[in-house]
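**Student:** With the hints as your guide, set chain B onto chain A.
Number of protein chains: 2
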Amino acid sequence: MRYDTIYDDILKEIKPSPKNREEIIMLADKLMNIILEHAKTLNIEVTCKLVGSVSKKTSLVNKADIDIFIAFPLDYDEEKLKEYGLHLGKYCIDEVNGKCEKKYASHPYITGHIDGYEVDFVPCYKIKDASQLKSAVDRTILHTNYVQKHLTDKEADEVLLLKKFMTSVNTYGANYKVSGFSGYLCELLILHYHTFENIIKEAANKWHNEFKIDLENYGTCSNYHDPLIVIDPVDPNRNVAAALTMQKFSEFIAACRNYLNNHKIEYFMDKKIEVSKEELINEFKNRNTHCIIISFNVPKRPDDVIYPQVNKTMNALKKISQLNDFKILKSGYYINKDYTSCIILEYEISKLPVLKLHHGPLVKDRKNSQHFLDKYPDAYISNEKWVVLSKREYTTVEDMFNDLIRKENINKLKLGKNIKEEMLNQYSLKTITDYLNDADSEEYPDLYMYLHPSYKLSR
Amino acid sequence: MRYDTIYDDILKEIKPSPKNREEIIMLADKLMNIILEHAKTLNIEVTCKLVGSVSKKTSLVNKADIDIFIAFPLDYDEEKLKEYGLHLGKYCIDEVNGKCEKKYASHPYITGHIDGYEVDFVPCYKIKDASQLKSAVDRTILHTNYVQKHLTDKEADEVLLLKKFMTSVNTYGANYKVSGFSGYLCELLILHYHTFENIIKEAANKWHNEFKIDLENYGTCSNYHDPLIVIDPVDPNRNVAAALTMQKFSEFIAACRNYLNNHKIEYFMDKKIEVSKEELINEFKNRNTHCIIISFNVPKRPDDVIYPQVNKTMNALKKISQLNDFKILKSGYYINKDYTSCIILEYEISKLPVLKLHHGPLVKDRKNSQHFLDKYPDAYISNEKWVVLSKREYTTVEDMFNDLIRKENINKLKLGKNIKEEMLNQYSLKTITDYLNDADSEEYPDLYMYLHPSYKLSR
Chain A
28 MRYDTIYDDI LKEIKPSPKN REEIIMLADK LMNIILEHAK TLNIEVTCKL
78 VGSVSKKTSL VNKADIDIFI AFPLDYDEEK LKEYGLHLGK YCIDEVNGKC
128 EKKYASHPYI TGHIDGYEVD FVPCYKIKDA SQLKSAVDRT ILHTNYVQKH
178 LTDKEADEVL LLKKFMTSVN TYGANYKVSG FSGYLCELLI LHYHTFENII
228 KEAANKWHNE FKIDLENYGT CSNYHDPLIV IDPVDPNRNV AAALTMQKFS
278 EFIAACRNYL NNHKIEYFMD KKIEVSKEEL INEFKNRNTH CIIISFNVPK
328 RPDDVIYPQV NKTMNALKKI SQLNDFKILK SGYYINKDYT SCIILEYEIS
378 KLPVLKLHHG PLVKDRKNSQ HFLDKYPDAY ISNEKWVVLS KREYTTVEDM
428 FNDLIRKENI NKLKLGKNIK EEMLNQYSLK TITDYLNDAD SEEYPDLYMY
478 LHPSYKLSR
Chain B
28 MRYDTIYDDI LKEIKPSPKN REEIIMLADK LMNIILEHAK TLNIEVTCKL
78 VGSVSKKTSL VNKADIDIFI AFPLDYDEEK LKEYGLHLGK YCIDEVNGKC
128 EKKYASHPYI TGHIDGYEVD FVPCYKIKDA SQLKSAVDRT ILHTNYVQKH
178 LTDKEADEVL LLKKFMTSVN TYGANYKVSG FSGYLCELLI LHYHTFENII
228 KEAANKWHNE FKIDLENYGT CSNYHDPLIV IDPVDPNRNV AAALTMQKFS
278 EFIAACRNYL NNHKIEYFMD KKIEVSKEEL INEFKNRNTH CIIISFNVPK
328 RPDDVIYPQV NKTMNALKKI SQLNDFKILK SGYYINKDYT SCIILEYEIS
378 KLPVLKLHHG PLVKDRKNSQ HFLDKYPDAY ISNEKWVVLS KREYTTVEDM
428 FNDLIRKENI NKLKLGKNIK EEMLNQYSLK TITDYLNDAD SEEYPDLYMY
478 LHPSYKLSR
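Keeping their order, the protein sequence lines are chains A and B.
The opening position of the first sequence corresponds to residue 28 in the numbering used here, with each subsequent residue numbered one higher.
The opening position of the second sequence corresponds to residue 28 in the numbering used here, with each subsequent residue numbered one higher.
Source of the hints: derived by calculation from the structure; they are not laboratory data.
Treat the hints with care, since some could be wrong.
One copy or any two copies: either way a pair holds, since identical chains are not told apart in the list.
What the hints assert, rightly or not - Below, a list of computed lysine-lysine pairs in the DSSO-like style, where the Cα atoms sit at most 30 Å apart:
no., residue 1, residue 2
1, K304, K378
2, K402, K304
3, K357, K447
4, K67, K233
5, K291, K412
6, K76, K181
7, K412, K346
8, K84, K239
9, K346, K391
10, K107, K42
11, K346, K204
12, K441, K354
13, K418, K346
14, K291, K391
15, K412, K298
Bound conformation, chain A alone (with noise of 0.2 Å):
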């Protein structure tokens, strides 16, 4: 069974039109060409390329940004790469009357906007294959020529539906927030698939743990353990599902299985989330357990580095929350658009006894026997070993981070770097319903999909 006319329907939607890449096209010939011509001038040899996804018929409407490589000969040094890269972009942007922006990836590149474009200016280097590659970005020219050879236009069309697929239930991407399925994904799954509806049908129904796609034939899965391998074609030595957490992985299957119970439309668009304060408050409340919101300030650095930090952070506090016996029955963090964070840590109660079991050394070892006595007087046998009800450091988990969260006692949680001055700066610590009576409404998709994380699985 095919739905082809669905997918016709929704190709309509999400398709750029014919107008619009030709403008791009002819966009991305004249920044080239005035690169080229100015480089000519200085005695640079380079040559251009627009890469990404325009290029190769991969892009869905409105998401058309503009990839120009600059590519230069092997022998450049990184140096003069680099310097003479800026230039040559910032000279186009110039000509063209754009606005530059310096932006950093493995190395700087600049940004211009132009005519409503975001166009980036890439200096990389010239390579035949991956046995040249000198740094990350030199990979892309070579992706984009692999795809534009293999990839036909009838296939490119399926690449977008898997993309729009994947936008709506919330696995595309391979940023760190997401870490999903990229945008080269996509379009090597659908050459490994040919159509979408034949990814949705294997990946509900074969997809398993380390399952292994090998386009070109290398033998090298075996390398690799990851939910899904997928060998780079023009890099043996690369696994392009490297950044696929078994999260997004296991979510486009769970998905996946749902759109073919019911091949709804509204699977191409984004599922809208509507609650209100009192919603959110009750579906706590009826929870019962206790969940409280650390948040805080984050440093105004990209989303791909603050996003580590504020996951590293979490994981500080869940183990920290561990080791003093508060047992974590769920946990979640968001980052809202004013550079604010919270992490919400639900535990089964609110306050453990003052004592707790500490175990001893074994009673046949004399000496730590009688230093462990000394310690503790009401010790007591427990088999063939000695074991005390001693104190407890916290009963509450406030009383935990608000001890913890000072000075003195911070490093004793490993905290990502910058987060660590920003909470002894300052931070709050509420219980969510507290929280949730002075939150901004903005923030209620977010705590929407922390109690219903399948949400946008299912239409």
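**Tutor:** Positioned in the frame of chain A, the structure of chain B alone reads:
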């Protein structure tokens, strides 16, 4: 350094007078003659032997029970042996105007109350060595012969010191309630170490799990994995210390160390417990735990029948608690003289949240994923598997036990067989404070020992 003066003083208190011993030996001889003569008239071929601590000069004052073993030839069948044994015992008791009582060990025997003594008449087979063993009691005569042959009078006194010390620190007795050191084990320890003082020093410093003693060098120690391994000199295939628990083994070691630090004569006296209701209530309150007592009647049966059943019941209640996430900090039980029993269960907390984390199938398993989702529509993905916050069956231990201790549910607990009926008949579940308000003062020492399990190990 020796402490002979102390030990002489102690021996004056604990060693039966020669007159007393002579009286017992004469009574035993008289009784054995009656049996032998009566047997002759009946044409039954038997020999008699006084066994037990009296016969070995290792009985403590006022603890001298008389054990007379009636040994039959190996070709008598078991039925005959039982019948003749009971008949001869009964005849003898009647002859001296004693009072009869039938008892059971591995086979039935008869006890007479004669001239203020308790005299056991135990039928057994006359064997030359352990290879001819037909029942456990057959070994007793071999044990008596061995000790009589090897133990000097001086060493017999050392056995008295050891038995008295062990009694005072509550590690003496092979019965289930104590699960400590038997009298025969004490004798073998003295045969190995020669003096009480030596045992104390060696136990304090050198004993460890699987400590081995093999008086006759049989080389069979490695067949056993027990806290202490003492090969029976009359049976290479028996560990005399098999019934000794790790708990009592460790407690004895700890008591030896305490005694070595300070040779107080009080180590040879019972340590009294004097505690008031108010002190007990305060101590429990200060622990701030959730401590309950479940009390019920036990059948009027011997200790070695009841104690294992109550212990099994306690373990069943602990297990079901843990299965339901009620974490136990400490537990214990005791049985009162009026055949009521109390199980103490001390929990970290009194109430669990409504929700608990419930783990489901792997996402890759499509069929079971569907079953799980049908059952729990709110399930969500955690890495490679489904989880859900599902409702707990019980949020308090009171709810749990009151639901389980009902005819419909009680088989979910693995209770001691006689205890099940008793609990269904009647049980009470109270917090320790409520229980203490009505408790008999006879129970205070047991509750005090629960709070201070090491109390008797030091002076």
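**Student:** How would you classify K412 and K298 at a CA-CA limit of 30 Å: within, between, both, or neither?
**Tutor:** Result: close only across copies, 23 Å inter versus 58 Å intra.
**Student:** When no copy is specified for K67 and K233, does a C-alpha distance of 30 Å or less occur within a copy, between copies, both, or neither?
**Tutor:** Intra 54 Å, inter 89 Å, cutoff 30 Å: neither.
**Student:** Are the CA atoms of K76 and K181 at most 30 Å apart within a copy, between copies, both, or neither?
**Tutor:** Cα proximity of K76 and K181: one copy only (23 Å, versus 104 Å across).
**Student:** Is it within, between, both, or neither for K304 and K378, if the alpha carbons may be no more than 30 Å apart?
**Tutor:** both (27 Å within a copy, 28 Å between copies)
**Student:** Using 30 Å as the alpha carbon limit, work out where K402 and K304 are close: within a copy, between copies, both or neither.
**Tutor:** Close across copies (29 Å), not inside one copy (51 Å); limit 30 Å.
**Student:** Tell me, please, which holds for K107 and K42 at an alpha-carbon limit of 30 Å: within, between, both or neither?
**Tutor:** For K107 and K42, neither the intra-copy (39 Å) nor the inter-copy (102 Å) Cα distance is at most 30 Å.
**Student:** With identical chains, the pair K412 and K346 could be close in the same copy or across copies; at 30 Å between alpha carbons, which is it: within, between, both, or neither?
**Tutor:** Close inside one copy (27 Å) and across copies (22 Å); limit 30 Å.
**Student:** As a check of your reading, is K418 near K346 (CA-CA no more than 30 Å) within one copy, between copies, both or neither?
**Tutor:** Result: close both inside a copy and across copies, 20 Å intra and 25 Å inter.
**Student:** Indicate which option fits the pair K346, K204 if close means a Cα-Cα distance not exceeding 30 Å: within, between, both or neither.
**Tutor:** Intra 21 Å, inter 43 Å, cutoff 30 Å: intra-copy only.
**Student:** Indicate which option fits the pair K84, K239 if close means a Cα-Cα distance not exceeding 30 Å: within, between, both or neither.
**Tutor:** within (26 Å within a copy, 81 Å between copies)
**Student:** Can you tell me if K441 and K354 fall within 30 Å by alpha carbon in one copy, between copies, both or neither?
**Tutor:** both (19 Å within a copy, 29 Å between copies)
**Student:** Is it within, between, both or neither when you check K346 against K391 at 30 Å Cα-Cα?
**Tutor:** Between copies only: 29 Å across, 33 Å inside.
Hints 4 and 10 from the earlier list are contradicted by this structure; the remaining hints agree with it.
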